[in-house]
Structure formats: C-alpha cells, structure tokens
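Both chains come to you apart, so use the hints to assemble them.
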Amino acid sequence: MLERYSLIGLGVSLIIIFVDFYLLRKRKINGRGFVFWFLMGVGLGLFSGVPPLFSIISDIFGTEYLVSGIMGAGFLFFLFAFFYLYYRISELHSHLKKLVMELSVARYSEKRSSSSDAQKKVLKKRKSKRK
Amino acid sequence: MSRKVLVMIPAYNEEKTVGQVVKSTLVLYPDFKIVVVDDGSEDRTVERAEEAGADVVSLPFHCGGGIAIQTGYLIAANNGYDYLVKIDADGQHKPEEIPKLLNSLVNGEADIVTGSRYLAPNMNNGPVVREGGIVFSSTLVSMFRNVEVTDITSGMRAWNRRAIETLLSEYMNRGLIEDSIFWVVETLLASRKGLSLKEVPIETFPRKYGKSKSFSFGKMLLYPMRLLLTLVEEIRG
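Same order as they appear, the protein sequences are chains F and V. Quick note on the numbering used here: the first sequence kicks off at 1 and runs consecutively. Quick note on the numbering used here: the second sequence kicks off at 132 and runs consecutively.
One should not assume that every hint holds.
To be verified - With a straight-line cut-off of 16 Å between C-alpha atoms, the simulated EDC-like cross-links for lysine to aspartate or glutamate are:
#: 1; chain 1: F; residue 1: Lys111; chain 2: V; residue 2: Glu181
#: 2; chain 1: V; residue 1: Lys147; chain 2: V; residue 2: Glu173
#: 3; chain 1: F; residue 1: Lys97; chain 2: V; residue 2: Asp310
#: 4; chain 1: V; residue 1: Lys164; chain 2: V; residue 2: Asp186
#: 5; chain 1: V; residue 1: Lys154; chain 2: V; residue 2: Glu182
#: 6; chain 1: F; residue 1: Lys28; chain 2: V; residue 2: Asp310
#: 7; chain 1: V; residue 1: Lys154; chain 2: V; residue 2: Glu227
#: 8; chain 1: V; residue 1: Lys147; chain 2: V; residue 2: Asp174
#: 9; chain 1: V; residue 1: Lys154; chain 2: V; residue 2: Asp186
#: 10; chain 1: V; residue 1: Lys135; chain 2: V; residue 2: Asp162
#: 11; chain 1: F; residue 1: Lys98; chain 2: V; residue 2: Asp310
#: 12; chain 1: F; residue 1: Lys98; chain 2: V; residue 2: Glu301
#: 13; chain 1: V; residue 1: Lys164; chain 2: V; residue 2: Asp213
#: 14; chain 1: F; residue 1: Lys111; chain 2: V; residue 2: Asp186
#: 15; chain 1: V; residue 1: Lys164; chain 2: V; residue 2: Glu181
#: 16; chain 1: F; residue 1: Lys26; chain 2: V; residue 2: Glu301
#: 17; chain 1: V; residue 1: Lys329; chain 2: V; residue 2: Glu262
#: 18; chain 1: F; residue 1: Lys26; chain 2: F; residue 2: Glu91
#: 19; chain 1: V; residue 1: Lys225; chain 2: V; residue 2: Glu334
#: 20; chain 1: V; residue 1: Lys135; chain 2: V; residue 2: Asp213
#: 21; chain 1: V; residue 1: Lys231; chain 2: V; residue 2: Glu334
As the list claims (entries may be wrong) - Here are a few chain F residues that sit away from chain V, every Cβ distance over 10 Å (derived from the structure):
#: 22; residue: Met40
#: 23; residue: Leu53
#: 24; residue: Leu76
#: 25; residue: Leu85
#: 26; residue: Ser114
#: 27; residue: Ser128
Claimed, not checked - Coverage of chain V stretches by chain F, computed from C-beta distances (three or more under 8 Å per stretch; other residues unrestricted):
#: 28; stretch: 180-193
#: 29; stretch: 203-210
#: 30; stretch: 297-307
No lab work stands behind these hints: they were computed from the structure. Keep in mind that this is a model prediction, so the values were computed, not measured. Virtual Cβ for every residue (Gly too), placed ideally from N, Cα, C.
Just chain V, with the same shape it has in the complex (with noise of 0.2 Å):
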C-alpha cells in the first residue's frame, strides 16, 4: 500500500500490555506509524511504549478517551495521513483485523469502518449490563440514522482523510463529548455528515489486565440519560 497509515493507540495506565500491541503491530505493518497517545498515565506506559518502537503523544494530565482519540485526528489530519486506525492499548483487539477494516476504506466502500465483535462467530462476552447497553444503544442509533450498526462502542475503527477532516472540524466547535457516549455522538454525526459507515467481523482476546476505563457504575448510571438527551438532540438537527 503506497499511502500513509497512521496506527493511534489511546493509552491510559496500560504498561501491561501496551508494549506487546505495539510490538505485534510493527512486526506485522512495518510500513506503518504507530502513535501511542497517552492520557496522563501514571504508571510505566510511556516508557513501555517508546521501547516498543511507538511515538508517544503525551497529554499532561488525564483528560479522558474522547480527547486522546481526538488528539489521534489531529495527528492525522497535520501529518497528512490518508488513513487511521485505532486499537486499544488493553490487547483485546488483534493487529492481525486491521487489514479487514483498512481494504474497505482502500476500496472505497466507506468512510468509517468499524470492527464489530457481535458479527463474528466467537465473541468474548463482557458483563450483561454492558452488553445489553451496547445492544440497546447499537440498535436505537440504528433505527434513528438508517445505519447498520450492531457494535456501536467498538474500539478498532478505521477513518479515511475525508472522515477525519470533517470529524475534526466538528469537534473542535462543539462542547466536550462525554467518553461514555463519544461513539454514539460520532456515529449520528458522521451519518449526518454524509459519511459512510461500515462494519466488519472482528474477533478479540478477553481483557487480561485491570478494568475497562469506559466502563463504570455511575457511568452506567448516568449513560441513559446521555443517550436519551443525545438522540433529542439529533431529534432537533
């Protein structure tokens, strides 16, 4: 592939695992760039990325997952990458699905691509509230943007230029998007937008290490509200 790619791993205290993604992602892409963005950790990760061979983009201070996958589009767009992809920096997601996402980006059949894990036959199951908020979340997006999407919170995505471009532009004028609901915001505007949205089958590894950061009690609490209040406001235009 002639065009620039650029691998973005939002990292927050994953000194466990972050290493192993980007070493396994370098050995397999070579011809990639790997960017760990850290948000303010407080362990090793850093350093464990760096010896892997990633560039490390550090945020001074913990500002949650909405702004490090933000500040991965800015990369993006400044560098004048033609393509992104993001992998989570916990090691559930293989490096080996990327060329799943990225081939359909090349061939044009969409702006966004998402690898979901409720289309592949073996799927790691998570809590049942989490999954059935997924679920629930996944199929209501649906039915308001006419989109297919089963795996609306899904960590590995792939944008081409045009979707960054766009998408950046809208973030930098709007008010902070809350990381439990950024996915969801960022499907109803790209559909809004004129982007196009696909999913692929991915499969994923269990998380081994630490909990996930998306995922809390009062964030689980509060997450109905948001969705509903998220929607209304895609109601209004």
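Next comes chain F alone, as it looks inside the complex (with noise of 0.2 Å):
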C-alpha cells in the first residue's frame, strides 16, 4: 500500500499528463512544451510511484531525509504556478505571433502605397514637363 504523499504526488501527474494534453488538444501548449511538461509529469509520477527511487536522489546529494511535507507541498504549488505560467506564456506568444503577422503586411501595404505614390509624382513631372 503506498504512503499517502506517493498518491498525492501519483494525483498530481495524472492532472499535469490530463491537463499537458487538453493544451494541447486545444491548441494552447506548443510542441516543446508540451512534451517538457508531459516529461515532468511522468517523472513526478514514477518517483511517487516508486518511493525508493528518492534514495538515490538523497544519495547524490548526502542527506538523509531529502523532502520533508512543507517542502514537497511548496515543490508542488510552484509545480502548478510554473505550469500555469507556461501555458499563459504559450497563449501569448500565439498573439504575439498573429499580430506580427499582421504587422509585416500592414507594413507592406504601406510601402507599395508610398512607392505607387512616388511613381504617380514622377510621372506627373514628367507630363508637366511635356506641356
């Protein structure tokens, strides 16, 4: 039977895995960053899956006890605030993206109009000159 903090961390993969792919579905989470949170998910999944796994994690860094419950509940919540923020970041840059779109032909529009302009000017020179 797994300890209570291992199906919390199982409970909090499964929505970020639930959530990664609904972004996506929905067209909200670019590629990168969906298979980085995907990654994220799994990994939480299986190190609260397989508790014993945090021991080689304590052994790397020499401590006895690596997480205690303040700490994996702050890991959590600034778990969720990144994977928020990711997902405002990437609904950004989508308008970022269509509004550059629009910005580069208004742009464009502009220019053709100020050199049809200027031909228009040299052309009636040069009828006044005729004359």
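Have a look at this one:
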C-alpha cells in the first residue's frame, strides 16, 4: 500500500499529464512545452509511485532526508504555478505571432502605396515638363 | 489571364536558391506578383529575393512556416488577389507547373489545388520515414473526410479567393497550428467548410542545399500524437 504522499504525487502527475494533453488538443501549448510537461508529469509519477527512487537522490546530495512535507507541498505549488505561467506564455506567444503577421502585412501595404504614390508624382512631373 | 495572381514564396534562410526561384517565376509569368515572405531569415535571403525582383514581406523573427503561409493569405485577401499560388523557396518546385494548378481554379474545378508528387511518374523520394509518414497521413485524412489526397504535405498549392477568405477567418480565430500538421489541419478544415480540393501531378527537383525545416527527429516523434489529436478533434467536430 502506497503512502499518502505517494498517492498525492501520483494524483498531481496524472493531473499534469491530463491538462497537458488537453492544452495540446486545444492548441494552447506548443510541441516542446507539451513534451517538457509530459516528461515532468511522468517523472513525478515515477518518483511518487516508486519512493525508493528518492534514496538515489538523497545519496547524490548526501542527505538523510530528502524532502519534508512542507518542501514537498511547496514543490507541488511551484510546479503548478510554473505550469500555469508556461501555458499563459504559450498563449501570449500565439497572439504575438498573429500580431507580427498583421504588422508585417500592414508595413508591406504602406510601402506599396508610398512607392505607387512616388511613381504617380514622377509621372505627373514628366507630363507637366512635356506641356 | 485577366485576373490577379499572387505567387507567395515563404522563405527561411534560403539565400542560395530563392533568387533563382523568383527569377525563373518572373520570366515565365511577368504579370504575376511575386511576394517572398521572409520568416526571420538570418542570411541574405531578403537581399537575394529583392535583387531577383520580388516584393519581400519580412517577419521580425522566425515564426514558423504556418505563420508565413497565413501572412501570404492576408496579403492576398487585403490586396484583392483572385488566386494565390505557393511554391517553396528551396528550388524543389518547378515554376512551369504553376499553370496546372491555376487552370483547375480558373475552370472552377476546385477551390484548392495541390500539386502531388505521388501522382507524377518520376518521383524524387525523400527519407523513408518521412515518405511513409506522408503516405500514412494522406491515407488517414482521405478516409476521414472522403477526399482524395495522396500528398498532404505538398508545398505547391493554389487557392481561389473564396478559399483564402474562408481559411483566413478560421485561422484568425484559432490557436497556433504546429507547422508539422498545418496542411493536415487545413485539408480537414477546408473539407469541413465546403471547399473543394483537387490534386494534380507535379514533378519536383531534389533539394540541393540545406535540410528541410519541416522535418526533424523531434517533429517525427511528436507527429503521430499531433496527428491523432487532430483527427480526434475532427471527429468531435
């Protein structure tokens, strides 16, 4: 039977993976972001479902206890916050690209109309010289 | 032809080939307007295109092929063009094939015409995985929407004004479409909106310089998932 913190971790990992797929389907997250959060969700699920994996990390850091309840909760909170911010940035990025598109086309139209105005002026001058 | 035709050439770091593509198109079709949509190139793509005689619309940073193509739609719609043709800047498409696409539009046979490499007798094959993916996607989309598609990712296409305006209004209201599935989404969307599609055989040259920007290992891994999600969304309508 898994400990409570493992169940919480597994639940959070499933939420992340589910929301990740949902955002991908709705085209509110780009490909790289999807892969990153999918791997984060899987990684969290793996460590939550197999707690002995934590001992590898505590061995690397040379600590006896890797994480306390407060640290764990804090980690999950910041993970969610980071995920939300990533989604918002992805959305803004989408809007930005559309704006860039419209601006570039507007600049092109302005350039075209000013060059055709300049051509008209040149033609007018030539006509008036002939007269 | 008395109607206005815009030829759009999206380009990203194609300084070696874009000039020749523009020149050869202008020589054959001096009445057509050629616009190179520069997708934030870091080389001399813009200079080469302008020297060759094309108008250039530059995006300030690299936004991806989908945005560059939508920029072409916007230019065509804003300036009252009757037909829009797209060819690639890498020199793979033969400008001589453009009339094959346009004739179908002018005759009212379709709203969107795609050039298919798979219908041509002498096809230049790319990497096996990529070719397999194209055939698989084309077959899947054909089944889903009852349209005949053999080369769904073909970069040589033409649209009439109705298609341009319909697709543009849809894209403006959607989230960004990943480049790797852009043509899949467009084909499904066009079919759903009642636009008729047709394929004509075209011959292509092999790519001479650089690598395809639309194909990479990462994109290849993500592609099946994106394709599946796109089709799921299509089922849900």
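Right, here's what the structure says about each hint:
1. Straight-line distance between C-alpha atoms of Lys111 of chain F and Glu181 of chain V comes to about 14 Å, which keeps the hinted pair within the 16 Å bound.
2. A distance of roughly 13 Å separates the Cα atoms of Lys147 of chain V and Glu173 of chain V; the hinted pair therefore holds under the 16 Å criterion.
3. Annotation: proposed proximity of Lys97 of chain F to Asp310 of chain V holds, straight-line Cα distance about 13 Å (limit 16 Å).
4. Taking the CA atoms of Lys164 of chain V and Asp186 of chain V, the gap is about 8 Å. The hint holds against a cut of 16 Å.
5. Taking the CA atoms of Lys154 of chain V and Glu182 of chain V, the gap is near 9 Å; set against the 16 Å cutoff, the hint holds.
6. Taken as a hint, the Lys28 of chain F and Asp310 of chain V pair is honoured in the structure, with Cα atoms around 14 Å apart against an allowance of 16 Å.
7. Of the supplied pair hints, the one linking Lys154 of chain V and Glu227 of chain V holds, its CA atoms being roughly 12 Å apart against a limit of 16 Å.
8. Taking the CA atoms of Lys147 of chain V and Asp174 of chain V, the gap is near 10 Å; set against the 16 Å cutoff, the hint holds.
9. Restraint check for Lys154 of chain V and Asp186 of chain V: satisfied, since their Cα atoms lie roughly 12 Å apart, inside the 16 Å limit.
10. About 8 Å separates the Cα atoms of Lys135 of chain V and Asp162 of chain V, which keeps this hinted pair within 16 Å; it holds.
11. As the CA atoms of Lys98 of chain F and Asp310 of chain V are separated by approximately 14 Å, the hinted pair is consistent with the 16 Å bound.
12. Annotation: proposed proximity of Lys98 of chain F to Glu301 of chain V holds, straight-line Cα distance about 13 Å (limit 16 Å).
13. Between Lys164 of chain V and Asp213 of chain V, the direct Cα distance comes to roughly 12 Å. Compliance with the 16 Å bound is thereby established for this hinted pair.
14. A distance of roughly 10 Å separates the Cα atoms of Lys111 of chain F and Asp186 of chain V; the hinted pair therefore holds under the 16 Å criterion.
15. Annotation: proposed proximity of Lys164 of chain V to Glu181 of chain V holds, straight-line Cα distance about 13 Å (limit 16 Å).
16. A C-alpha spacing of about 14 Å is found between Lys26 of chain F and Glu301 of chain V, which places the hinted pair at or below 16 Å, so the restraint holds.
17. Of the pairs offered as hints, the one joining Lys329 of chain V and Glu262 of chain V is violated, with about 20 Å between alpha carbons and a cut-off of 16 Å exceeded.
18. The hinted pair formed by Lys26 of chain F and Glu91 of chain F meets the criterion: a straight-line CA distance of about 11 Å does not exceed 16 Å.
19. Taken as a hint, the Lys225 of chain V and Glu334 of chain V pair is honoured in the structure, with Cα atoms around 7 Å apart against an allowance of 16 Å.
20. For the hint linking Lys135 of chain V to Asp213 of chain V, the alpha-carbon distance of about 5 Å falls within 16 Å, and the restraint holds.
21. Distance check on the hinted pair: Lys231 of chain V and Glu334 of chain V sit about 11 Å apart at the alpha-carbon level, within 16 Å; holds.
22. The claim that Met40 of chain F lies off the interface holds: its Cβ sits roughly 16 Å from the closest Cβ of chain V, which is beyond the 10 Å cut-off.
23. Every Cβ of chain V is farther than 10 Å from the Cβ of Leu53 of chain F; the closest lies at roughly 25 Å, confirming the non-interface assignment.
24. Every CB of chain V lies more than 10 Å from the CB of Leu76 of chain F, the least distance being 26 Å, so the non-interface label holds.
25. The Cβ of Leu85 of chain F sits about 17 Å from the closest Cβ of chain V, beyond the 10 Å cut-off, so the non-interface label holds.
26. The claim that Ser114 of chain F is not at the interface with chain V holds, since no C-beta of that chain comes within 10 Å of its own (minimum 13 Å).
27. Taking the minimum C-beta to C-beta distance to chain V, about 30 Å, the non-interface status of Ser128 of chain F holds against the 10 Å cut.
28. Under the rule that three or more residues need a Cβ within less than 8 Å of chain F, the assignment of the stretch 180-193 of chain V holds, with 6 such residues.
29. Evaluation of the coverage hint for the stretch 203-210 of chain V: fulfilled, as 4 residues show C-beta separations to chain F shorter than 8 Å, against a requirement of three.
30. Counting residues of the stretch 297-307 of chain V whose CB lies closer than 8 Å to any CB of chain F gives 4, which reaches the minimum of 3, so the coverage claim holds.
Figure legend: structure checked against the earlier numbered hints; the only hint not met is number 17.
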